[in-house]
Amino acid sequence: MKPLAAPIALPLSVALSVLLAAGATAQPATRAEVAAQRAAIEQQFAREKAECEQRFAVSACLEDLQQRQREALAPVVAREHELAAQERRDRAAAQAQRVKEREQAASAEAGQRPERLVPSAPMPAASHPARTRARSPEQAVKAQREAERQAEAEAAHRRAQAQERLARQQQRVAEHEAKQKNRLRPPAAPLPVPGVPAASAASR
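FYI, the numbering for the sequence shown is -26 to -1, 1 to 178, going by mature numbering (1 follows the signal peptide of the UniProt record, and there is no 0).
Check before you lean on any hint, since a few could be wrong.
With a straight-line cut-off of 25 Å between C-alpha atoms, the simulated PhoX-like cross-links for lysine-lysine are [as the list claims (entries may be wrong)]:
no.	residue 1	residue 2
1	116	74
2	155	23
3	23	153
Computed Cβ-Cβ distance ranges for the label pairs, DEER-style [what the hints assert, rightly or not]:
no.	residue 1	residue 2	range
4	14	63	23 to 31 Å
5	146	110	24 to 32 Å
6	116	24	14 to 22 Å
Hint data in this document are derived by calculation from the structure and do not stem from the laboratory. Fair warning: this is a prediction, and the values are worked out from it, not measured in the lab. Note that beta-carbon positions come from the ideal geometry of N, C-alpha and C, so glycine has one too.
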């Protein structure tokens, strides 16, 4: 049954070789470029899936197609993860920079404020949060790590959802294949008539 999938493999292998050659010279730098590369691969596979479904050996063709799709998308997924990690690092660095700037502004404001002749009353409780918002560098690093952990957890959740969708798709393919086999199965022989010997039933 495998040779039936060979005519489909040729255009896909040509398309993938072009995409992979382009990726080897320069990896996509932005999410938009990665998304465009993923869309091109998925469109090619969608066309070939439609061709697979017109064949008699649908299951073998789809299995081969899914394997090649996973291999083709592997570098794209890896690059998506790299970009997501870089974005998390950039966000954490920007957050640390904002914290640092707030601390510097608070220090400068405290240095420029003239001393009052009359001792001021104790600060009301409502003004304390402004002081607690100016975090130390250690707290900023801790917040950065927490943000990275949260982003990793979200990425793991998305990967689990993708695997679950793939499993459901494979189950649907298997059910479709089972239905096809049931349709092609020859009808069962008729049951013997009660009280009639098998030989006489056969002669009839």
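Each hint, compared with the structure:
no.: 1; hint: 116 with 74; in the structure: holds, 14 Å
no.: 2; hint: 155 with 23; in the structure: holds, 20 Å
no.: 3; hint: 23 with 153; in the structure: holds, 19 Å
no.: 4; hint: 14 with 63: 23 to 31 Å; in the structure: holds, 28 Å
no.: 5; hint: 146 with 110: 24 to 32 Å; in the structure: violated, 54 Å
no.: 6; hint: 116 with 24: 14 to 22 Å; in the structure: violated, 52 Å
Against the hints set out earlier in the document, violations occur for numbers 5, 6.
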